[in-house]
Each structure stands twice: as structure tokens, then as C-alpha cells.
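Model the placement of chain B on the given structure of chain A, informed by the hints.
Here's the letter readout for the chains.
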Amino acid sequence: MTNNVLEVRDLKVHFLQEEGPPVRAVDGMSYSVKRGECTAIIGESGSGKTVSALSILRLIPFPPGLIAGGEILFDGKDILKASDEEIRKIRGARISMIFQEPSAALNPVMTVGKQLEEAILLHTDQTRQQAHEHAIELLKMVDIPNAEERINQYPFQFSGGMQQRVMIAMAMCCEPEVLIADEPTTALDVTVQAQVLEQLNHLRKQTGVALIIITHNLGVVAHYAESVKIMYGGKIVEQGSTKDVFKNPHHPYTAGLIKAVPRLDRPISEELYTIEGEPPDMRFVPENSCAFAPRCQYATEQCRTMRPVSQQVGAEHFVSCFPRDQVAQGGEFQ
Amino acid sequence: MMQKEYVPTSQLPDLDTIMEVRDLKMHFPITKGLLKRPVGSVKAVDGASFSIKRGKTLGIVGESGSGKSTLGNCLMRNYDITSGDIIFEQKNIKNIPKAGLRRLHRNIQMITQDPFSSLDPRMRIYDIVTEGLIIQKMEKTRAERYELAERMLSMVGINPGFAKRFPHEFSGGQRQRISIARALAMQPSFMICDEVVSALDVSIQAQIVTLLKRLRGELNLTYIFIGHDLSVVRHISDHVAVMYLGKIVELTSSQELYEHPLHPYTQALISAAPIPDPELEETRHRIVLQGDVPSPIHPPKGCHFCTRCQYTDLKCREEEPPFIDVGGGHFVACHLQQGKENAVNG
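Protein chains in written order, with the numbering used here: chain A, 82 to 415; chain B, 869 to 1214.
There could be a bad hint or two in this list.
[Claimed, not checked] Straight-line alpha carbon distances no greater than 30 Å define the calculated BS3-like cross-link-like pairs of lysine-lysine that follow: (1) B:Lys893 x B:Lys962; (2) B:Lys1005 x B:Lys1032; (3) A:Lys158 x A:Lys286; (4) B:Lys904 x B:Lys924; (5) A:Lys221 x A:Lys158; (6) B:Lys1081 x A:Lys340; (7) B:Lys904 x B:Lys1005; (8) B:Lys924 x A:Lys340; (9) B:Lys1081 x A:Lys328.
To be clear, the hints were calculated from the coordinates, so they are not data collected in a lab.
Computed from a prediction, not measured in an experiment: that's the story for all the values here.
Only chain A is shown next, with the shape it has when bound in the complex:
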């Protein structure tokens, strides 16, 4: 038995277009998640971070979506080869997910309790009465006051932060081994965001669930995640322990991103670093090149004509970049 609860190997997800070649939304992505760890996937919109998470749950609609290759090993078995019956037993029970917009994820015409009970009844053989008590327990676990009364209320009677807690409670109902949180706090206010993240982290420590946080907030990653994967143009360009990646970035995109975020603890006179240009349109990224090359100040002919492969640069620290040594030494990034 390995230490990894989830292993993704060379995952490729394509979206078919009516005309032209398919869009390679996720284009060869490999990573693993250890039991009970908190890992983060960082990327901008269109970088493929959500699509890669949805494919773990086999939630990519076909057509137009198509998992074009790779393996996702969960507990040693390939999820991509599992039957629909098998995947239904995993999805929501052993691997669950919470989404960005809690108000859109909850059914507005069903009480919160009914929705929780529905999830419990689907995955366990508890009776209705047991499920009801279990639901109350779950709400208490995520610190919802007056859980006995609140359980009979509708989602609109909950604030955004409370709705997200209900989503967490629902995701935790069968004690999953992996919890994927797709931008769990983007729609929430800063102080509520802190509450929800603390809650997630607390549950992780309590139950040993592995947490995959998908976000674009570098601060959240620095505070909660032990390891991090940086996505750009459908690929992981850099991954490693959060400390290594933040302290010693080897990919120009990672390095630029860290310098582009204004920091509260820095004097305001400091100029922000800007990465010129726009994130790539995934329809037009050439297959044999680095997707970041058009925005990269280190780009060489090699970057435009060859695809960089992942190279180890430290303990568990991998980067896909040809001029990586130059980037790591680059004085202006230090």
C-alpha cells in the first residue's frame, strides 16, 4: 500500500470543436496526492485546473469533453476504467467535491436537512431517522449554531459562508478520503473566507481527508497547503512543497506570479512586477512549444519549438522549463 491516495498520470482532457482540432484543455498532467495532505492547484482562468478536478470525478460531459488519455489511480485502481456503477460508489462518498458558488450548488426549494439526508441515504444504508440525526451531527461538526432548528430551513435563510459550510458538511457525510475544493472561498468575503478555510483545515486534521484546494489566491496556498501545483496552459509547469516553490521558483510564470501579488507586509512604494500579455487561448497553443513562451522573457528558440518535460530540481520539486536554471538564479526575482 502506497502513501498516495490519488495518482494522476499523464492526464489529457480534450474538448471537441465543430471545426478544427480539439482543444487540449488538460494536456498531460501528472501528480500525486498523499493521504491526509493539503495540496493546492493554482492557475488562472482557462488553465485547466477545474477541468482536471472534474475528470477525477468523471464529471466531464461527453461530448464535447473527452478524456483522451492517462490514468487516475485511486486506491490503486484506475478511475477512468471504472464502470458507471463503480464510479457512483466513489463519487460523493470516497471522493467528494465542493464548488465555488454555494448558492448555486444547493437546491433552493429543498430544506438543507433534506439535501443532506438525500446524500447520506444514497451512500449508506441508514434509516431516515438515522440519516436525520447524522445530518444534525454534520451541521454541528461545521459549527452551525442551532443545528436542530437550522436543519429545517431553506438555503436562502443561510448566509454565503453558512451555505458553504452546508456544502462542506454534505461533502464530508461519508468520510471521504479525498475532498476537492474548487475555489471554495472566491465568492465569500475576506473574514468569512478565513472561517471557511479554517474549518476545512480543521476537518482535514480531524478526519485525515486529503484536501485538494483549487484557487488563484497565493496567500491561501501559502497558509494552508503543504504542496502546490502551478498550472499554465493545461499543464503543471511547476510542483513541489509550498516552501520550496515559493522560496525558490524555477519557472518564470511561478516567479512572476509571486512578484505580481501586492503584499500587505511590504512597503507600498514597491512596484509590482507585471507579466506582460494575456493567458493563452487554448485553441491556438501549438502542441510542440511551451505555452508560456510568448509571455516569457527567458524564451529561446528551443522554447518555441519543443515541449519542455518535467525535470527534478529538488526533493519533490519538479519544473517544466528549459531555461529553469537561469530563472532560479535570475537576480530580479530574488
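For chain B alone, kept in the frame of chain A given last:
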């Protein structure tokens, strides 16, 4: 209502101050039934006072429902304010009629959050950028307008050759640049930026913030920069006002705000905003506020923050704290800080 007021701020007008706001209140009535009987009001902005010097930037930070966008809209006079004074360029604009507003909007322009809904999808970019000129009856020939649009677009970093394109051909960051070009076409002296980078990706946020800073220097603009991300707001602003439930609870220079936050809410806000540095985060203490922001229809009695504050005592629940200067232009509304300086207002 129709009379024009020209009230100097003092005997000797302070030409350095471009805008002064005194005890601004914006209450929206809640009506019921066929007769629209008022049954209460949403106190969106409930007493805000500040002043801004020419060429400076005031940041306004707060959570959703704190009234920060309403405040921005009041300064544009998009609403008829409930009470208070807004003195812009030595002139009180709180009561100016509709016709005068058009004139005002040559000087005050606003950029909003969503670059997708703020540009008309059926207009070409140069029409969008110069539409203000037609509204302002600053008639120009088509060629002149086109030329102006090209100049504005290149100023904000959009290829002027794209002036004939439609909004859908641009990305979010580029659209936000077009919104900025449209505001600049009126040659304003004052810009209200309402959550202008919130909808953008991290690498694009930095581009827009840097662009706004450059334009401020080149054109001697004054900004009000509204946002919920304290680190971004602080980065571009000279002073930052922290709003909570319709009130400004703290107002001070950007540097001072991080180094010496005095209001418990500001302290919580700073501690809740994680810093992208894993080693630093290990040692940082986090204040996690309990509960949610109360409803602005029935704000708590006394200090509005008393329901979530860890220092609350009896006085906080009874008496509203005055907004006082505790030294060096650091204003705070908190009973804990009282007695340190003289109250300025209230």
C-alpha cells in the same frame, strides 16, 4: 432643491483638497403595499466623512454590504443622498439638479467591476470610448472622434488599430482597459474605480493596477479605489478607509494601516488576508471573526461591530463610538481608542 450652492469649505478655500465629504448618509427606504408605505430603511451609508487631496488616492475597503459601492455611487451623484455634504472643487454638489450632473460627470468618472456587462456588445470600441462626447454635447466630427479614441486606446495599452472591433473580441483585462479609456476620454480630474480588478486574473490585476498608477502620475488624476482585497487597495492608495456596515471605522495612511491598525475590525481584516509567503504564514497569528455581518436594516445598537468584536463591553453595546483623530491623521471609531485625542466629529 433647485438652488445652486457655492459653499466655500472655509474662509480661505483649500485648493489642495479636491473633495471633502461630511457626514454623508444614504438610506434607501423599504416600502410595503400598494401605497408604498415606508416601513424602514436600509442604512447603506450611515455617516461617512473624509477629504481627498488632489493627485492622491483614497482606498475604500470593506466586505460586501459594507456600503463601499453605494458610497462611490453617491459621490457620482447617481443617487440623491439622504443627508450630508459633498464638496467637490469648492462646490457643494449634494443638491445639483439633473442638468448640472452632466457637467459634473465631465470631471468625475467611474469604472466598474464587470468588464463584460459594462461595454455595449453592439457598439464598436471607438464609439464606446467617445460616446461620452456626444452625451456631453461636445460635438466633434467623426474623424476627430476616431482620432481621439485611437489616442485614448494607445494610452491604456490597446493597439489603436483595434478601434473598429467589437467588445467580444477582447479579453477581460483588455475590456477593463477600454473602460478606462472611455473614462479618460472625458478628461476627468477625479475617477472612482469600483472593484476594477476583482474580476481579473492575478497576472492581469497587476497590469491594470500598474496602468492606473501610471495614468495617475501622467494625468494628475485623483482616485477613489474601492475594493475588498486589502492588499490590492493598500498598494495603490495613499490613504485607506475601512468600512463596516455603512460606517468608516478607520482611516489612515496605507503604511500606518498595516503597521498600526487600531480598530479590531481592521486588525481582523489584516490577519484574515494571507500573505503569499509560507514561512511568514507559519508564525502569523490569525484572528478569525465569528458570525456574519448583521443586516444594515437593523444594525446593532452602539458600535456596529459590537456583535463580532472580541473586546466588546457594555459601553460598546450602548453608545456609538465617535470618529476621532488619534494623532497624525489616523482616524478611528472605537471606544478602546477614546481619550487619546480630541473628538473631531460627533
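Against the 30 Å threshold, does the CA-CA distance of Lys221 of chain A and Lys158 of chain A hold or violate the hint? This hinted pair is violated, its Cα atoms lying about 34 Å apart.
For Lys904 of chain B and Lys924 of chain B, compute the direct alpha-carbon distance and say whether it is at most 30 Å. This hinted pair is violated, its Cα atoms lying about 43 Å apart.
Checking one constraint from the list: CA of Lys924 of chain B to CA of Lys340 of chain A, max 30 Å. Satisfied? The given pair, whose Cα atoms are some 25 Å apart, holds under the 30 Å limit.
Decide if the proposed pair is consistent with the structure: Lys1081 of chain B and Lys328 of chain A, CA atoms, cutoff 30 Å inclusive. With Cα atoms ~28 Å apart, Lys1081 of chain B and Lys328 of chain A stay inside 30 Å; holds.
Would you check the hint for Lys1005 of chain B and Lys1032 of chain B, treating anything up to 30 Å between C-alpha atoms as holding? 23 Å, holds
CA of Lys893 of chain B to CA of Lys962 of chain B, is that 30 Å or under? 11 Å, holds
Holds or violated: Lys904 of chain B with Lys1005 of chain B, Cα cutoff 30 Å? This hinted pair is violated, its Cα atoms lying about 38 Å apart.
Compare the distance between the alpha carbons of Lys1081 of chain B and Lys340 of chain A with 30 Å, and conclude whether the hinted pair is satisfied. 17 Å, holds
Sort out whether Lys286 of chain A lies within 30 Å of Lys158 of chain A, counting only the CA atoms. Judged against 30 Å, a Cα distance of about 25 Å means the pair holds.
Consistency note: the structure conflicts with the earlier hints numbered 4, 5, 7.
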